[in-house]
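A.B. asks: In the order they appear, the protein sequences are chains A, B, C, D and E.
Going letter by letter, the first sequence gives residues 1 to 496 in our numbering.
Going letter by letter, the second sequence gives residues 1 to 123 in our numbering.
Going letter by letter, the third sequence gives residues 1 to 79 in our numbering.
Going letter by letter, the fourth sequence gives residues 1 to 494 in our numbering.
Going letter by letter, the fifth sequence gives residues 1 to 151 in our numbering.
Think of the hints as simulated: they come from the structure by calculation, not from any bench.
Certain hints may be false.
Partial list, computed: chain D residues near chain B (C-beta under 7 Å) [to be verified]:
#, residue
1, F137
2, R160
3, L181
Cβ coordinates follow ideal geometry from the N, Cα and C atoms, glycine included.
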Amino acid sequence: MNEAAASAVPVFAFLFPILMTPVIMFAGRRSGRLRNALALATTVVTFLAVISLYPRIIGGEVIQFTFFEILPELHISFRVDLLSFCLAALSAFIWVLCTIYSIDYMAREHAGSRYYPVLIFTLGACLGIFMAGDFFTLFIFFELMSLIAYILVIHEETPAALKAGYKYLIMTIIGGLALFFGIIITFELGGTVSLSGGPLVQETSLLAFLAFISFLIGFGMKAGIFPLHVWLPDAHPVAPSPASALLSGIMLKTGAYGLLRVIFHVFSVELVKSGGWDKIMGVIAVITILLGSAVALTQDDIKRRLAYSSIGQMGYILLGMSILNENTLIGDIFHIFTHAMIKSTLFLAAGAIIWKTGKRLISEMPGIGRQMPFTLGCFSLAALAMIGIPPLNGFLSKWTLGLGALEAGMPFYVLILLVSSLLNALYYLPIIVPAFFGGLESDHEHGFDIKEATPRMLVPVAILALGTLIFGLLPSNIPFDLSRLTASYLLRGGPF
Amino acid sequence: METLKNLAHNYYYLVAVVLFVIGMHTMLTHSNLIKKVIAMNIMDTSVFLLFVAIGYIRGGQAPIMRDIGDGFYINPLPGALILTGIVVGVSVTAYALSLVVKIYRYYGTVDADEIVEIRSREQ
Amino acid sequence: MTEALNVMLLLFLIVCAVCVARIRDMLSAVILFASFGLIMAIIWQQLSAPDVAMVEAAIGTGVTTLLLVAAISKTRRTE
Amino acid sequence: MTLQHHFPALIIVIFLICAFIMPLLFRWRSTLCAPALLLVHLLALAMAVALLVRLYAGGPFYYHLGNWAPPWGIELKIDFLRVYMVLILVGLGLWIFVYALKDLAHELKREVTGWYYALYALLIGSMSGMALTNDMFNLFVFMEICGIASCAIISIKESRECLEASFKYLILSAMGTGCYLMAIAMIYMVTGQLNFQLIREALPAAAGLYPNNLLVATALIIVAFGTKAALFPLHVWLPDAHASAPSPSSAVLSGLVIKIYAFSLFNILFFVFPASFRQAVPINEIVLWLATLGILFGSIFAMVQEDLKKMLAYSSIAQIGYVFMGIGLNQPTALLGGFYHILNHALMKGMLFMVAGVIIQATGRRRVKDLNGIGHVLPLVMIAFTVGGFSMIGIPGTGGLISKWYLAEGALLANRLFFVIVIVLSSLLNAVYYLPIIINAFLNPYEGREPVKPVSRLMVGAITAGMIAVIFFGVYPKPVIVFLKAALAAVIGM
Amino acid sequence: MEDQITRLTSRLVVPFIQVYGIYIILHGHLSPGGGFSGGAIFGASLVLMALAFNLSAGVKQISHQSASLMESGGALGYALVGLIALLWGGNYLANRAASFPLGRAGELFSGGAIPVITVFVGMKVASTMVTLFYNLIEGEAKVGDPEKPGA
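With the sequences and hints as input, model every part of the structure.
C.D. replies: Here's what the structure looks like:
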């Protein structure tokens with residue numbers, strides 16, 4: 001494969017969904033089936049394209065490609081390294097599953113011809129973020145994804161959805177402006193915003209600090225860290241469940257990805273530490289973890305509870321970034337994988353419940369596990385993983401994080417991890433336990449009447465749930481290896 | 001003291017500025033639209049006065065082509081500028097007045113305050 | 001002598017301008033404005049700018065006054 | 001001497017000739033009017049492009065009207081920035097005129113369309129004159145023509161609001177030109193020159209002798225151009241005038257007219273006053289702070305407006321603030337942003353006013369609250385509105401971002417972090433009032449019994465062209481940026 | 001205004017005013033005055049007629065149509081003279097450089113293009129005066145902008 005063709009693959013990967021969007025839109029006018037098939041085919045092809053990069057990426061190659069110069073010194077460029085690949089592969093994978101799931105789930109919803117193009121376009125934009133070769137490109141795709149995702153958030157067009165959507169939009173714009181601010185300061189300090197060079201900012205200064213803060217605001221807004229999380233618990237639950245899964249599973253991670261890029265490419269680990277900025281992140285992370293978990297306890301709507309749980313989990317990732325040694329970084333990246341899988345499982349399973357029974361409130365759900373044993377089984381597996389029960393993958397990521405925290409001499413953070421695991425248990429177990437064992441009296445007549453969702457919805461849930469199990473059981477699985485490689489790549493500034 | 005002496009020496013300039021201020025003040029504070037137009041003219045004219053005064057040299061001859069012996073012409077350029085200025089001014093005046101007449105047809109008044117009152121009453 | 005005359009004329013100009021601003025009868029204001037223009041024309045003649053004086057007399061005083069009178073006749077006389 | 005040499009004068013003159021012929025032509029063959037004006041626009045555009053070519057070949061040059069050299073005659077100066085302005089004026093003038101062709105039939109009585117075309121030609125011609133002239137007094141004359149034409153282009157609709165707004169505009173603009181004339185007198189008094197370049201050469205000596213004169217003149221100039229271009233505290237005339245005018249007039253007024261005054265202020269500040277003078281007197285600071293206030297207050301006022309066009313008008317006050325900010329920061333990169341914003345804002349605000357015109361024509365609605373669900377009945381038009389709104393906010397992919405990028409970078413290079421924050425904050429404010437309109441237009445159902453009137457394809461086509469241009473200048477701004485960079489480098493050294 | 005004295009006086013005075021106006025226009029390049037002032041004087045005479053008798057008498061002298069025709073024509077003539085200079089090799093509005101015959105200074109037919117331009121300006125200004133006045137005084141004024149400042 002020559003050089004041009006080599007760089008064409010990642011470009012194809014994110015451009016293909018974007019280009020397919022109008023096709024799907026027009027296909028949707030003809031027939032729904034064609035539209036669904038096209039959407040699924042697009043995600044699958046995209047996934048395969050991303051996966052096909054694996055051997056080269058794992059071989060330590062960094063694929064770069066510059067489109068054109070948008071402004072002097074500012075390019076539209078692409079660059080795929082290990083970190084990009086991890087996230088791109090993960091999102092493409094989950095997208096495939098969510099699209100499969102959508103086929104039946106969305107059959108009942110309105111405006112399918114709007115949903116699918118948007119879904120596919122978001123995939124393209126998302127991959128664009130992960131594969132961006134400089135911050136300007138990243139910013140463009142970030143805004144693109146955020147704005148398009150608005151359509152997913154308000155899909156149901158209920159007043160609540162519109163209100164949540166508006167909040168989401170305004171917060172997105174604030175985040176985008178903060179990013180703009182940060183990027184322009186970086187540009188001014190470094191003269192370029194490309195990711196391929198070394199750290200762009202060499203020394204701490206007021207400007208650098210401001211840039212850091214605005215990046216934290218910009219990406220943190222997306223990642224839902226405290227106190228910028230306010231849009232998240234409103235926006236995620238109102239979206240259709242597959243979209244919620246993607247919003248919580250993947251799109252939150254774009255924020256985390258951006259922050260990782262900021263720490264390693266704009267600044268450097270030493271700079272972040274010498275400026276004391278890691279402390280700021282640490283404090284925010286702790287608050288985010290505790291707040292997310294604690295508020296999740298009080299929620300009755302299952303999707304809202306899951307959304308708050310996402311906030312708590314993003315706190316873990318931020319915590320890893322604040323410690324910044326090898327183990328926490330491994331835990332961090334692995335937690336991105338973990339959380340994406342777990343949260344997608346949970347949202348998809350919750351979606352299946354809502355789809356089948358129309359129940360959203362946890363207080364209505366006792367006994368539901370006997371109606372939908374398979375769904376609830378997957379749900380429970382994921383919930384247990386989230387709590388951190390060994391041998392599920394949630395345990396592995398928390399373990400690695402804790403290990404890193406201990407190595408760094410911060411046992412306090414380990415305590416926080418334990419407390420939050422406890423809180424996780426407190427809000428997940430009350431869903432699972434009554435679902436299987438409760439409600440014997442009231443739902444007696446439906447007791448053994450099994451009403452599962454359709455196979456096309458169950459298969460993705462099952463695959464994801466299986467993933468949580470497998471990737472936890474085997475300590476040398478692919479995601480974990482990738483995380484290790486990526487962490488060492490990031491920390492040493494080069495592969496291996 | 002020096003300033004006062006300067007002012008007394010350049011009394012044309014002083015008067016021009018005073019007129020300019022009077023015109024501007026009238027234009028901005030009076031509510032009668034026609035008076036605004038008149039004030040606008042006063043303002044313009046005062047600037048023209050300043051222009052002419054700039055060009056004037058004591059003892060100079062008007063810039064008309066003839067034999068003037070040892071004398072000297074005064075600068076003809078300000079005159080030319082003012083001619084243009086006057087014509088522009090009169091066109092603005094005419095246009096403004098035609099607007100005033102039309103406004104009067106709609107509101108029955110040429111007082112800006114009353115017009116505002118009428119409009120707010122209608123809303 | 002001419003100096004004194006000029007000063008007088010200038011003072012008169014200011015008086016006219018102030019009167020135009022203060023007087024409430026629009027027609028009188030217009031007439032005052034006309035005299036303002038005429039005095040201005042004289043001053044310009046004094047300042048050796050005969051062409052400007054001529055234009056001011058014809059346009060500034062004559063035509064503008066005409067237009068103002070016409071406008072007032074179409075609208076209201078008092079302020 | 002080739003004909004090409006005369007293009008600077010011809011650009012202005014053909015518009016003026018066209019303006020004078022138009023009433024006659026309208027009486028004789030009214031159908032010929034529009035094609036004639038279109039032809040003139042195209043001719044002028046071709047000439048402007050030819051000028052550009054010549055500039056690339058031979059650098060800036062001068063044109064002396066009537067072969068009179070500067071101390072006596074009027075001089076036109078042709079350099080890259082001026083040609084850039086002329087290109088914007090004529091190009092966008094053509095674009096808005098295409099829209100006006102159909103819109104006017106709806107908004108005006110038929111018998112005045114000939115007058116409207118005449119005024120339009122007069123307006124574009126005088127603005128081109130303002131862009132090209134290198135003479136203080138000639139600038140004044142063109143300003144007056146432009147002022148009267150823009151007042152007339154508002155009042156031609158003959159509704160009460162229009163007349164009143166037009167009168168208000170006329171009085172304030174007369175005040176502005178009065179101040180400018182006074183400033184010319186003051187400068188002429190101490191330097192004895194009217195030509196930009198000659199004044200610049202004479203000023204240092206004069207500044208030593210009569211500093212107060214020059215200070216007063218500077219203040220008067222800022223007031224004059226501030227009034228004309230709606231710099232913050234002097235903006236009071238703008239909302240009424242731009243909101244009540246016929247939509248094409250609003251587009252041309254908001255899009256082009258206020259910009260040309262800002263450009264003239266730039267010309268005077270940078271080409272008349274020597275740099276040392278600008279350092280001694282904080283002119284740029286004053287402009288900068290007024291611009292900042294304008295940016296913030298314009299947006300805040302826009303938020304509370306009920307009328308769509310009035311909202312757009314207030315938004316113009318905020319947006320012209322960006323241009324002034326570029327001038328005020330006194331920094332090449334910021335200036336670049338300001339100049340790019342001239343193009344950008346002309347495009348997007350022109351387009352937004354056109355959209356407002358189409359909405360009013362099709363549904364008769366003009367209150368922001370009544371626009372719910374309008375995206376269902378006028379989809380393409382509202383998509384254009386969305387693009388325009390996004391560009392105002394500065395979403396990537398639209399021109400707005402690029403101008404903000406350069407303004408912010410310029411502010412940073414000038415070590416003025418505060419103004420970066422202002423830019424960011426104002427983008428947020430823009431979002432707060434543009435987004436709800438867009439959301440409501442697409443997501444709420446359309447309620448209305450009366451049928452939506454069909455809208456001419458030409459109008460929709462003009463809007464679509466604008467939309468494409470806004471996106472184009474957002475995605476591929478490099479040619480313009482490179483051009484402007486070179487132009488500014490030639491002018492003030494970058 | 002049905003006043004005998006006014007009528008008689010204006011009837012007597014108007015021809016002289018008009019001659020004076022024309023004189024000033026034609027001697028624009030020799031003595032003070034020119035197109036602007038002469039035109040204004042000439043126009044004022046017409047307005048005076050309209051004032052002293054009534055509008056219809058004024059309109060009889062110069063109708064709306066012809067006034068606006070002259071208005072456009074005047075401005076157009078000005079612009080075209082400028083263009084002719086261009087054809088003859090000068091810059092726009094050039095005089096000597098475009099080899100207009102300059103004649104001898106001080107004579108009526110001298111100054112190249114200047115007298116021609118002056119005449120056009122006078123035409124324009126005079127007719128503009130009239131149009132303006134008609135517009136203002138007529139009951140239902142012609143809609144639209146009554147005024148365009150000359151070149």
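A.B. asks: With reference to the structure, classify each hint as holding or not holding.
C.D. replies: Results for each hint:
no., hint, result
1, F137, "holds, 5 Å"
2, R160, "holds, 4 Å"
3, L181, "holds, 5 Å"
Checked against the numbered hints listed earlier, the structure breaks none of them; every hint is satisfied.
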